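Novice: Put together the whole structure using the sequences plus the hints.
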Amino acid sequence: MARKISFKQAINEALDLEMRRDPSVIVLGEDTAGGAGAAGERDAWGGPLGVTKGLYPKHGDRVMDTPLSESAYIGAAIGAAACGMRPVAELMFLDFMGVCFDQILNQAAKFKYMFGGKATTPVVIRAMVGAGFRAAAQHSQMLTPIFTHVPGLKVVCPSNAYDAKGLLIQSIRDDDPVIFCEHKNLYNLETEVPAESYAIPFAEAYVAREGKDVTIVGYGLMVHRALEAANKLAKNGIEAEVIDLRTLSPIDLDTVIESVESTGRLVAVDEANPRCSIAADIVASVTEKAFGALKAAPQMVTAPHTPVPFSPVLEDLYIPSADAIVGAVSKTRKPAMAA
Amino acid sequence: MAEERIKPIVMPKWGLSMREGKITAWLKPLGSRVAVGDAILEVETDKIASAVEAGSAGTLRRIIGQPDAIYPVKALIGVLAEDDVADADVDAFVSGYTTPAAEMDDEEAGPGYQFTETPAGPLRFAKRGEGGEVVVLVHGFGGDLDNWLFNIDALATEATVYALDLPGHGQSSKSVAEPSLKGLSRALIDFMDKLSITDAHLVGHSMGGAVVARATLDAPQRVKSLTLISSAGLGQDINRGYVEGFVTSTSRRDLKPVLEQLFDDPSLVNRQFVEDVLKYKRLDGVQQALSTLSAALFPNGQQADVLAGELANAGKPALVIWGANDRVIPAKHAGALGEAAKAEVIKEAGHMVQMEKAGKVNDLVLAHIRS
Chain H
1 MARKISFKQA INEALDLEMR RDPSVIVLGE DTAGGAGAAG ERDAWGGPLG
51 VTKGLYPKHG DRVMDTPLSE SAYIGAAIGA AACGMRPVAE LMFLDFMGVC
101 FDQILNQAAK FKYMFGGKAT TPVVIRAMVG AGFRAAAQHS QMLTPIFTHV
151 PGLKVVCPSN AYDAKGLLIQ SIRDDDPVIF CEHKNLYNLE TEVPAESYAI
201 PFAEAYVARE GKDVTIVGYG LMVHRALEAA NKLAKNGIEA EVIDLRTLSP
251 IDLDTVIESV ESTGRLVAVD EANPRCSIAA DIVASVTEKA FGALKAAPQM
301 VTAPHTPVPF SPVLEDLYIP SADAIVGAVS KTRKPAMAA
Chain C
1001 MAEERIKPIV MPKWGLSMRE GKITAWLKPL GSRVAVGDAI LEVETDKIAS
1051 AVEAGSAGTL RRIIGQPDAI YPVKALIGVL AEDDVADADV DAFVSGYTTP
1101 AAEMDDEEAG PGYQFTETPA GPLRFAKRGE GGEVVVLVHG FGGDLDNWLF
1151 NIDALATEAT VYALDLPGHG QSSKSVAEPS LKGLSRALID FMDKLSITDA
1201 HLVGHSMGGA VVARATLDAP QRVKSLTLIS SAGLGQDINR GYVEGFVTST
1251 SRRDLKPVLE QLFDDPSLVN RQFVEDVLKY KRLDGVQQAL STLSAALFPN
1301 GQQADVLAGE LANAGKPALV IWGANDRVIP AKHAGALGEA AKAEVIKEAG
1351 HMVQMEKAGK VNDLVLAHIR S
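Chain order of the listed sequences is H and C. 1 is the number of the first residue of the first sequence in this note's numbering; add one for each residue after it. 1001 is the number of the first residue of the second sequence in this note's numbering; add one for each residue after it.
No lab work stands behind these hints: they were computed from the structure. Since the structure is predicted, the reported quantities are computational estimates derived from the model, not experimental observations. We treat Cβ as the ideally placed atom computed from N, Cα and C, and that holds for glycine. None of the hints are false.
Across the chosen pairs, the derived CB separations fall in these ranges:
(1) H:250 / C:1240: 30 to 38 Å
(2) C:1057 / H:192: 39 to 47 Å
(3) H:49 / C:1046: 25 to 33 Å
(4) C:1190 / H:1: 17 to 25 Å
(5) C:1027 / H:192: 30 to 38 Å
(6) H:1 / C:1030: 42 to 50 Å
(7) C:1122 / H:250: 32 to 40 Å
(8) C:1122 / H:276: 45 to 53 Å
(9) C:1237 / H:192: 37 to 45 Å
(10) H:274 / C:1324: 51 to 59 Å
Straight-line distance between alpha carbons at most 20 Å, and here's what the computed SDA-like set of lysine to any residue pairs gives:
(11) H:4 / C:1019
(12) C:1281 / H:204
(13) C:1281 / H:203
(14) C:1074 / C:1057
Specialist: Structure representation (structure tokens):
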């Protein structure tokens, strides 16, 4: 049965279904139950935005409220994973990674390799990413490039409820550490989602829109901006192909290259800051592998090289807009020699 | 008076969930002569791309729908009329036309998809029409009731039509208790029991045809007639590459060329069609169900159950329809029942002949039910 549910309900459903199927799946984080064990209403919070609400009454002690210490509980989750559990730890905001990054970078990502395959670390670290929430510089970053850089980590960033559920189920079933990024501004977006369990494979990009004139690649919120841009371009007779990467590591470059071989023009959109961004990564790889197919220099549309502003006016300017994407597409239609 | 000689061309409704369609191209120029059954324009919906066939004859007097524009179901997109009808009358018809509201249509028709509990688990089905005769449509391997998108409404004009998702398919239960032809046939009969269908005209496509054939042999009293479309069960040959490709493909890149084998015109396999099949294949239990079924029904690249001989002696009115360019099960199987069946092989159609030549298939099935 497919029905419309929101992105955050889809995440809740994925967690619930996997917890029912596999007793080794546990959920832990700050206020993931919220108020558990205290007198009064049980399951008061279910996470800061209510994503895990309802899991504690169903699964009891397998949903754990942790102390306010990321390095402690992310470390605990990683250790539990190495000892046979399948924890889903919530880092709340990916911005908080700083305090627990050694656990992720030097422990979780390395165990499989440094123990010669004798250890697996099937941990999922869920975290909110992205700007537009008026949450300011320390709660709005898109730090995906930092994690995609690290071998041994998988990085997932869905753009809609259907993908969120299927990719979270896949992440939980995967034996490697997965950084599961949830764009806080997509939480209320509703899509048709089957009630049953299903898993979407990693490294399989989704062609959200077909078109022959230009390839626009993005992930998360940027997919929606790209589709808006595509609609604007269509009014001027330009048909854009929009590719939703879905997973950033492993990444499906083949679909991007296949598309560029047909359109000859590439615009990579990324909400991250420009240096060493996913956009830069894609443009470099495509240029290297499909240079002959390019009719114009590839373009990158990213946030500026600044922290996320607190001023709402500036924050809105910070996030790449559909118009910025349209502008980048126009640049690909000028002759290659022109600036 | 002149209005009866003015025939509207409207956005068709294909299947239960279609609300709107996009015109991709007109196939006939303005002013050309159109005969009944001619393909006049191409439409793409969120499920499929296909051609719209003319329901009446006439000269194409107005092209109203524009390519790449989206129109609601039943919106006026063109006008056919005889040459001697005045332009002023055609213009008056166009300005006087109002698109019937979609809401009203839905209330009359009742709920689209429904579910029922059976011994095989919950099964999804659709029911249309209120005629005295009952028709049950059974899809094929890896398919679902939407394979009958272009047939269900046409058949419902003269009969009560049911289309179900077999166990392991569509939105029915994904665990297949008995993954065999007998098991699926039993599930079909149990479904009919649950819905108090005493007997019916069974129509099966591909593997669904073999299921319908098995049901005819196992429970002949429940079957008034059978129609076998591109059916399994009539010979050993089957395209092994197609079956294996369908079962093993997990990505869009791998699955698209497999699905293209289903049609005479591979361009009908659009992105949404591939995505819908992938969404189904990803559901827990489907991979298992499809592997088990294909191992039971098509082991070693051949059909295990050939029922042609027994069927020919079953004494039920039988109609066999095939697309001449079927690349999954060869059209020569259409003759397998010999004199015991009426066989029709339709040109320029592949394995999904009920979609590619829907008009012709609907006419044949309706004629078969009436007789």
